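Visitor: Chains A and B, in that order, are what the protein sequence lines are. First residue of the first sequence? That's 1 in my numbering, and the numbers climb one at a time after it. First residue of the second sequence? That's 1 in my numbering, and the numbers climb one at a time after it.
If you're looking for bench data, these hints aren't it; they were derived computationally from the structure. All of these numbers come straight from a predicted model, not from anything done at the bench. Take the hints with a grain of salt, since some may be wrong.
What the hints assert, rightly or not - List of simulated lysine-lysine pairs, DSS-like, C-alpha gap at most 30 Å:
| hint | chain 1 | residue 1 | chain 2 | residue 2 |
| --- | --- | --- | --- | --- |
| 1 | B | K105 | B | K127 |
| 2 | B | K10 | B | K67 |
| 3 | B | K127 | B | K111 |
| 4 | A | K257 | B | K127 |
| 5 | A | K261 | B | K10 |
| 6 | B | K67 | B | K209 |
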Amino acid sequence: MFASLRPVWVITRREVRDQFRDWRILFPILVLTLFFPLLMNITAGELVNFVQRYGGQDIVYQRLIPFLLMVVGFFPITVSLVISLESFAGETERHSIEPLLGSPLADWQLYMGKLVACIIPALLASYMGVTVYLIGLQIQRLEWNAPTVLIIQILILTAVQSLVMVSGAVIVSTQTTSVRAANLLSSFIIIPMALLMQVEAVIMFWGQYDVLWMAILAQVVIAILLIRAGTAHFSREELLGRNIDILNLRWAWRTFKTAFKGQARSIGDWYRQEVSRALRRLAVPIPIMVVFLGVAVGVGVRLAAGIELESSGGMRSYLESLATSSGEAVPALSVITVLGVFFLWLFNLRSIFAAFFLGLFSCGILGVLALMVTFIALGFIAALVPQVGMPWWLYFEARILPHGLVEIPAIILAGAAVLRMGVVMITPDHERTVGEAWLFALGDWAKVTLGVVLPLFLFSAFLETFLTPQIVRLLLGR
Amino acid sequence: MLVTENLTKKFNDFLAVDGVSLQVDAGQVLALLGPNGAGKTTTVRMLTSVLLPSCGWARVAGYDVVKQPARVRASVGVLTEQHGLYDRMPADQYLDFFGQLYSMKASTRQKRIDTLLEHFGLSGDRKRRIGEYSKGMRQKLALARALLHEPPVLLLDEPTSAMDPESARLVRDAIHDLRSAERTIVICTHNLAEAEELADQIAIIRRGKIIVRGGIAALKQSLLGPIEYEVRFAVPLDSQEIGFPPGGRLTAQGADWLRFQSDQPEGFHPQLLRSLLAQNLPVISLQEVPRSLEAVYLQAVNAPGDEVLDVR
């Protein structure tokens, strides 16, 4: 174990030494370590004075000082983004990657060596900055006692943010052959990180520091997935080739078409061969998706626990409307009802495509979470309807199952297809390049979605419009 | 020591290497020649397990390039076409870094680094940053890197390019010295004189295919025809009729020279000299007409069709 880690350390040490030989890296690190925290100290001091001068509440600066602590920690780690974007692309551009690729290093050793090297200098700078800021606060004698847990949280959060950013940037760097291309693609890292910082800023101002643990946990999961995706698709061959810098749409379309159509000559053929094969490949994601949706219902029930409905209120009246059949008319076949079916279908399509797009950027995770939201709501309502005199099972039987028997399997299939796309991103495939693997997974997703999920949704929308109201009248008719 | 069979590499629709079959035994030097973009570097990259073959197989130092990539890489020393050095590192640290990657012990590593830097005349500059090195020095350092772990197989891509004549001589001598019964060397080069000097056999690759393969002498014989000899005279021949003894064929004649071919030079040449002297023709020299590898190369790469000439 230690013997196999040794080459990782050899790579890391060389890279770190090399970074410290470059003044272009040292200069921003020094500025962000020494000057920037002092600037934040001045800002904090001025704010405290301002608030106190006008009789403002302490809570203003009690929130701002820890927020500035997080900012002081975050700024230096942005340097790691620059270093990691350059890590593979720069070496490829300077041709120094080839001797490394020709050495007995395993792919993961080279990858991890560089990844760790990208984190160390920036993280050191970040921790030094935090130390300078905290010392500054002590010297300023501001009325803020730094809670130890919060400082630990900030230190861990900073390390995890750095890990997420670096693991994402290293993927970008391995999938490009020039620093320019890597820089152009850096928005894939910068935009999500900016959003993340905003979320974390809200948490800091909200003052619910326990929630930071959730943010840390989520980022650890994302970092693990990114590292897994990076090592899974690390290809010596692609690093030396120029193909990955060229967006070959014709090739992409051809590959997707091959994955989607396969050898099928007719629609029947396509269903028999291609769709059934794609469904078989969902054998593992399907049960996982069932578990996720079950967990979502459980979360909904848990959220509802302890909620006492007020005697009158929006929620009670909504639940009461669910418990009766009043307003449920058996619709006659007309243009309006057909349009209703169509809109229900479109509503479901929107969820599926949203899950697909969210899943694209998060190894499937956000896509699955998006689909889980409906089931959280389902569990929440089911847990509350007994308070308006309706057993939970009756709610399911009357309101959910008639069309849910078709719709829920469709959601499970859609979620499983999104999950599989995510899994493909973190699964090594030595037969295909990362682009091919992704296009084949996209082909499978399209087969399942177009061939099975959309027709099922159409059918369920039809059932929801024409059958569910009748079942509701039958079971809840008063 | 190095065997390939039908080694093929396809990048999307582009066939970079097309069914290359080679065998280079231990102790042999193969020169891989070919125009730019012919597939030499791709072949070398497959032999170092950096690129995976699309088809066919290769064994290097007894290891399969697909199934045992780490062992292959540990057994091979590669001098890449682009040196790929770290400009901010001093030379000794650079070699030490690669020594560690090849799992060499610290003491062995240090000894080897000292030897190689001394051998290539870089000892005095060992602490200088590589960025300050001249092109030739960089090339020598890259070669030292390839030799560091004393690999049984050496793949050298343009080993003397960008070098001044003295340094190039030094490197060629080093390659001579590296020849041993246990070592296989493959040199990719455009320098045909160098190939002729160093190689036991050559392979010419064109559009990914080996079109010519074999020993240099045999290839010359096969592509350029039988050896020609030339006799030069001290006086003009004018239109003098020359008596030519049987056993040789006159192929060309100039003002004060003639060229001929003979199947058994050891018997025919003394006989010819006696005959010429008897005819009062003062002979200055009799020698083989030099035939360069360049002529073989040009004939091979410009030949129409894809027929393979194998004269192993």
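Visitor: Could you run down the list of hints and mark each one as holding or not?
Guide: Here is what the structure says about each hint:
no.: 1; hint: B:K105 with B:K127; result: 21 Å, holds
no.: 2; hint: B:K10 with B:K67; result: 19 Å, holds
no.: 3; hint: B:K127 with B:K111; result: 16 Å, holds
no.: 4; hint: A:K257 with B:K127; result: 57 Å, violated
no.: 5; hint: A:K261 with B:K10; result: 24 Å, holds
no.: 6; hint: B:K67 with B:K209; result: 24 Å, holds
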